[in-house]
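Asks: Here's the letter readout for the chains.
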Amino acid sequence: MEPKTILLVEDNLDDVELTLLALKKNNIKNEIKVVNDGAEALDFLFGTGKYSGRDLTILPAMVLLDLNLPKVGGFEVLKQIRDNEWTKFLPVVILTSSKHDQDLVEGYSLGVNSYVRKPVDFTQFTEAVRQLGLYWLLLNEVPPIKRESKI
Amino acid sequence: MKPLQISSFVFLLFALMGISVCFALQEPTLSATPMPVVKQSAGRNTNKSQEETKREIFQVNESEAGLKHVTLQLTWLHQFQFAGYYAAVEQGFYRDAGFDVTIIEGASDRRPIEEVVSGRANYGVARSELLLNRMHGKPVVALAAILQHSAIIMLAKKESGINSPQNMIGKRVMLLPGDDAAEYLAMFKSEGVSLDKIDIIPTTYNIENLIDGKTDVFNAYITNEPYYLEQKGIPASIISPITYGIDFYGDCLFTSDQEIHKHPDQVRAFRAASLRGWEYAMAHSEEIIDVVVGQYGVKKSRDHLKFEAEAMRKLMLPDLVEIGLMNPGRWQHMADTYVALGMADAGYSLQGFMYDPNPTPDYSWVPRALGIGIAIVLLTSSAFFILLRFNQKLRLEVAQRKQVEERLSKARNELELRVEERTVELTVANEQLNIENSERKQAEETLRESEERYRSLIRKVQAAIMLHDGQGRILTSNPLAQELLGLSEDQLLGKTLIDPEWHFLREDGSVLPVAEYPVSRVLTTRQPLRGYVSGISRPDRDDVAWVLVNAEPEYGNTGEIDRVIVSFVDITERKQAEKDNAWNLAVNQSLSSLYIPLVTAGTDIEKIAAIVLEKCRQLTGSPHGFVAEIDPANGDLIAHTNTKMLQTECKIAEEKLRKARFPQRADGLYNGLWGHALNTKEPFYTDVPVKHPASVGVPEGHVEIERFLSVPVLLAGELVGQIALSNSTRAYTDQDLDAVNRITEFFALAIQHKRAEEQILKLNQELEQRVLERTTQLETANKELESFAYSVSHDLRAPLRGIEGFSQILLDEYQDRMDEQGKKYLQRVCSAAQHMAQLIDDMLNLSRVGRIDMINQQVNLSDIAREITVDLYKTDPEREVVFVIHRDIKAQGDGQLLRIVLDNLIRNAWKFTSKHPKARIEFGLQQEKKTPVYFIRDDGAGFDMKYIDKMFGTFQRLHTANEFAGTGVGLATAQRIIHRHGGKIWAQGEVEKGAVFYFTIKKGAL
Chain F
1 MEPKTILLVE DNLDDVELTL LALKKNNIKN EIKVVNDGAE ALDFLFGTGK
51 YSGRDLTILP AMVLLDLNLP KVGGFEVLKQ IRDNEWTKFL PVVILTSSKH
101 DQDLVEGYSL GVNSYVRKPV DFTQFTEAVR QLGLYWLLLN EVPPIKRESK
151 I
Chain S
1 MKPLQISSFV FLLFALMGIS VCFALQEPTL SATPMPVVKQ SAGRNTNKSQ
51 EETKREIFQV NESEAGLKHV TLQLTWLHQF QFAGYYAAVE QGFYRDAGFD
101 VTIIEGASDR RPIEEVVSGR ANYGVARSEL LLNRMHGKPV VALAAILQHS
151 AIIMLAKKES GINSPQNMIG KRVMLLPGDD AAEYLAMFKS EGVSLDKIDI
201 IPTTYNIENL IDGKTDVFNA YITNEPYYLE QKGIPASIIS PITYGIDFYG
251 DCLFTSDQEI HKHPDQVRAF RAASLRGWEY AMAHSEEIID VVVGQYGVKK
301 SRDHLKFEAE AMRKLMLPDL VEIGLMNPGR WQHMADTYVA LGMADAGYSL
351 QGFMYDPNPT PDYSWVPRAL GIGIAIVLLT SSAFFILLRF NQKLRLEVAQ
401 RKQVEERLSK ARNELELRVE ERTVELTVAN EQLNIENSER KQAEETLRES
451 EERYRSLIRK VQAAIMLHDG QGRILTSNPL AQELLGLSED QLLGKTLIDP
501 EWHFLREDGS VLPVAEYPVS RVLTTRQPLR GYVSGISRPD RDDVAWVLVN
551 AEPEYGNTGE IDRVIVSFVD ITERKQAEKD NAWNLAVNQS LSSLYIPLVT
601 AGTDIEKIAA IVLEKCRQLT GSPHGFVAEI DPANGDLIAH TNTKMLQTEC
651 KIAEEKLRKA RFPQRADGLY NGLWGHALNT KEPFYTDVPV KHPASVGVPE
701 GHVEIERFLS VPVLLAGELV GQIALSNSTR AYTDQDLDAV NRITEFFALA
751 IQHKRAEEQI LKLNQELEQR VLERTTQLET ANKELESFAY SVSHDLRAPL
801 RGIEGFSQIL LDEYQDRMDE QGKKYLQRVC SAAQHMAQLI DDMLNLSRVG
851 RIDMINQQVN LSDIAREITV DLYKTDPERE VVFVIHRDIK AQGDGQLLRI
901 VLDNLIRNAW KFTSKHPKAR IEFGLQQEKK TPVYFIRDDG AGFDMKYIDK
951 MFGTFQRLHT ANEFAGTGVG LATAQRIIHR HGGKIWAQGE VEKGAVFYFT
1001 IKKGAL
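Line order of the protein sequences matches chains F and S.
The opening residue of the first sequence carries number 1 in this note's numbering; numbering runs sequentially from there.
The opening residue of the second sequence carries number 1 in this note's numbering; numbering runs sequentially from there.
Source of the hints: derived by calculation from the structure; they are not laboratory data.
There may be inaccurate statements among the hints.
BS3-like cross-link-like pairs, simulated, lysine-lysine; straight-line CA separation at most 25 angstroms [said to hold, decoys possible]: (1) F:K71 <-> F:K88; (2) S:K68 <-> S:K262; (3) S:K993 <-> S:K915; (4) F:K99 <-> S:K783; (5) F:K25 <-> S:K824; (6) S:K762 <-> S:K607; (7) S:K993 <-> S:K918; (8) S:K214 <-> S:K232; (9) S:K158 <-> S:K232; (10) S:K68 <-> F:K24; (11) F:K71 <-> S:K783; (12) F:K25 <-> S:K232; (13) S:K874 <-> S:K915; (14) S:K984 <-> S:K1002; (15) S:K189 <-> S:K158.
For each label pair, taking beta carbons as the anchor points, the in silico distance ranges come out as [what the hints assert, rightly or not]: (16) F:N27 <-> S:E963: 56 to 66 angstroms; (17) S:D871 <-> F:K88: 34 to 44 angstroms; (18) F:D14 <-> S:L785: 25 to 35 angstroms.
If we take Cβ atoms under 10 angstroms as the criterion, some of the chain F residues that face chain S in the derived model are [stated by the list, open to error]: (19) A22; (20) E31; (21) V34; (22) D37; (23) S98; (24) P119; (25) T126; (26) E127.
Built from N, CA and C at the ideal position, the CB exists for glycine as well.
With the hints as extra help, turn the sequences into a complete structure.
Replies: Next comes the structure, spelled out in structure tokens:
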């Protein structure tokens, strides 16, 4: 079975690069779909804008979501994911620089599955990515979603 | 037969006494052995100079020349304390009395009482313990009390703080041995200080022991040791038994029963010579000081001896008390004290203890003497009969002499009686003469006084007098009456009813009917009328004269009223004063009724205005008025209150009257009559308002103004209001104006008060507004700060991650294409980025602890410390660090924040001990002045105290990053947390010897 896509929502290109490197280092072979702002993430997930017509039945395995994003912020993206019947069980991991208490509270209130603060140390970062991949891609089970559900 | 027998018996006793006395008198001559005494004194004072020894030998020689040798045992070493005895020696008083006296110094093993009782000395000097010894059965007899008060005191160094017996509890106290300590013991007992609470040590008699601290309290003589301490400049406290009611005799001269019985005359003579010596010594203390120094080799300075002499004088009171005087009552009291102390039994007797230099026959010795006598009588029975005959002859002679004496006495009595009678006669005659004289004088005096009184009375009579006949017609009048009534004698003569324009008034001002005139009433009632007050209204005068009237009837022979004498006294002034007083009282009452509302907080101006108006209306009798205030904003006059006369009379609506506004004109003046007082700032009144130039009439419906009074209210010259009144039933007067003026002053204060309150209110509002603005600014600033912190957290970390991450990748993936130097540089880029990340985190933490809401809870710091140490062990299990964490140290505060404090401090200790192979880190609690002080102590690198200022500053470090890693934010964070807990944090350290961090937490700071 073809490994599912990982949706990486990240505007900082350095971070994108580092995340990809960390995934690669951990032998995570899933296809990585990178979008650089919240609006594009929503377009991708709900088949709107430049992604209209995309086969929406193919959901990503998980979403790595930054918070401080251009256009639509991370929390808004999360909210819309959770509000939609089709995507509401999608594993979403907030991967951010912020350790702000309020952000943590807000993230969990909106139903995030995990909140990971990106370490500055690349070794640690790699380790964090490894664990995320191990858990969310291999160990975690997601309930099936009814086909009739409207998007 | 019986009386003769008794008298013979008594005589026998006397005779026996004579024999016994003779027997006793012989004894000293037989047993006088002075030599052993000298040996004793020479033997005990081994250091005596040759000269002294010579003197003693000389004295021995002298004693051989017919003088009685006696010894006097002193209590202590030669000093001024014994001046009297030296004086008696030097001045030859002892020699004159037939004595050769050796004075022996005392020592701790040579106590006077023992010496005297044992017979080794004849006389001794002792303090009050003498009495105690007597009570214990020692045969000692007090001859004279030299010191009326005891010199015994206790000394303590001032610095010890001991100044009473109570203070001596738990202290070392030197005391004299045994009974000698009686006064001290009595003092402790009287002060309720138990002896087992005092560390009593035997005295060394050495004041140095107090100075060098071998004892806390030293037994001393007030005449001696205080001087030493003073000379050495050691401040001392004197604790004297006298202060605590233990007032015993001081030094006394004493001897033994034995001595008195053996040598009564000697004792008397020795006592007298000694007291003479004392008198001399106290009168010539300088001279005796020379003797003490020269003859007795006393080593003390002259100053010291002078001090002693002065101290002695205070205890002897030689100018007040006969030297040597003893009071049986005082000895009794002392004895009772000993009993109370349990030092002696209650069943004591002082019989024979006090020596009486002039004894009355004392029969106490009779049985003893009788015993001896009987023995002699048995041996010499013949002597009895000789004596009996001698006795009879003597009795006869006595009887004859008595007869002669009786005759003489009778003659003298008669003479005295005659002299007395004559004296009485003369005295009586003298007294009569005196009485007559004074009676005449008194009569003359009375006459003169009475004349004087009459004259004075006549002068003082200011009454107007009129004489009426039985029909009420005026017969005569005096000039004062004519003046008062304003009528001539002729006008008055023969009139009954006076001119109709002229009349009497009642006190209330109404006209008095003729039937009630004083004369009419006397004629009707036939009774005198006294103290009647009436007004006299004359046609030629406006004012009323007030008079006090007396009317007395005079009866003729028939019993009919012949005449009525009417007298008047002018009391107009008094009446006016009464009226003034009543007015002043009313005004003052009005003012005082204003006082309370004025000083009561929260009373509004309307209420005060209402009271002001009410009082003004009452005082001036005005039905109408208003009290108004000027609005400082626009000058409008606001009537806080207005009254409507009789409701219906004024057609202006009630609500229009209340709070009515009367605007100021464009020219700054006010309209109409009411405006006049405001414009002129002068009070005024008018009884004809319509004629007043300021009058402009009244609006329709307004009541007509018949009279008007107005007072402007001024505050420091500024016009602030007005009181206006109108339509009084009587004319307004200056008095009204004055009263309203006075009330106005109060109202001005009320306005001032109101304005001040308004001002405060305004300022408060402004202040609140400013606080609100500032708070908003601060909140904005806070938000900006938070957003800054957020962006620091988020935005600064991202590029750092790039720097670190890519460097790491270069190191990992491209190492084969880089030389060693390049790798090193890259590693340094990595660690710099990591350090910066740490800095950012710490800084964020620091700002966080300043902002988060604290939760007050009980925190177990020991548990937290233990958890931290467990974590630390894990980071480096190889290290040999001993953690000592005191158990159950608790604090009240925010657990999360206090954990950060402990974490920082313990981690610091861990870090700074890392260079030592072994280390010890301790967390504990100590109490300093009731404040718990927490501490963390290590034995690591420590620090130099001169950099202590930098310790708690943000980004301040005392070690380089090479020595110890760190950001310099940890202690700043800890300090901020402790400050938020109202506590303090500080540190002590020494390079390479470790550091201690202390902190406190204020109770209830959260």
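Asks: Is the Cα-Cα distance between K993 (chain S) and K915 (chain S) 25 angstroms or less?
Replies: 12 angstroms, holds
Asks: With the threshold set at 25 angstroms, check whether the alpha-carbon distance from K214 (chain S) to K232 (chain S) stays at or below it.
Replies: Judged against 25 angstroms, a Cα distance of about 17 angstroms means the pair holds.
Asks: Between K984 (chain S) and K1002 (chain S), does the CA-CA distance stay at or below 25 angstroms?
Replies: Between K984 (chain S) and K1002 (chain S) the Cα gap is close to 9 angstroms, so the pair holds against 25 angstroms.
Asks: Are K25 (chain F) and K232 (chain S) close enough, with their CA atoms no more than 25 angstroms apart?
Replies: 93 angstroms, violated
Asks: A closest beta-carbon separation below 10 angstroms is what the hint needs, so does S98 (chain F) meet it against chain S?
Replies: At about 5 angstroms, which falls below the 10 angstroms cut-off, the nearest Cβ of chain S leaves the hint on S98 (chain F) intact, so it holds.
Asks: Quick check on the hint: A22 (chain F) CB to chain S CB, less than 10 angstroms?
Replies: Interface hint status for A22 (chain F): holds (8 angstroms vs cutoff 10 angstroms).
Asks: Does the structure keep K71 (chain F) and K88 (chain F) at a Cα separation of 25 angstroms or less?
Replies: Holds - the C-alpha atoms of K88 (chain F) and K71 (chain F) are around 22 angstroms apart, at most 25 angstroms.
Asks: Does the structure keep K68 (chain S) and K262 (chain S) at a Cα separation of 25 angstroms or less?
Replies: 13 angstroms, holds
Asks: Assuming the hint says 56 to 66 angstroms, is it satisfied by the Cβ distance from N27 (chain F) to E963 (chain S) or not?
Replies: 42 angstroms, violated
Asks: Quick check on the hint: E31 (chain F) CB to chain S CB, less than 10 angstroms?
Replies: Constraint on E31 (chain F) not satisfied, violated at 22 angstroms.
Asks: Double-check E127 (chain F) for me: the hint is only fine if its C-beta lies closer than 10 angstroms to a C-beta in chain S.
Replies: Since the shortest Cβ distance to chain S is 12 angstroms, the answer is violated.
Asks: Does P119 (chain F) meet its interface restraint, that is, does its C-beta lie within less than 10 angstroms of any C-beta in chain S?
Replies: With Cβ-Cβ at 8 angstroms, under 10 angstroms, it holds.
Against the hints set out earlier in the document, violations occur for numbers 10, 12, 16, 20, 21, 22 and 26.
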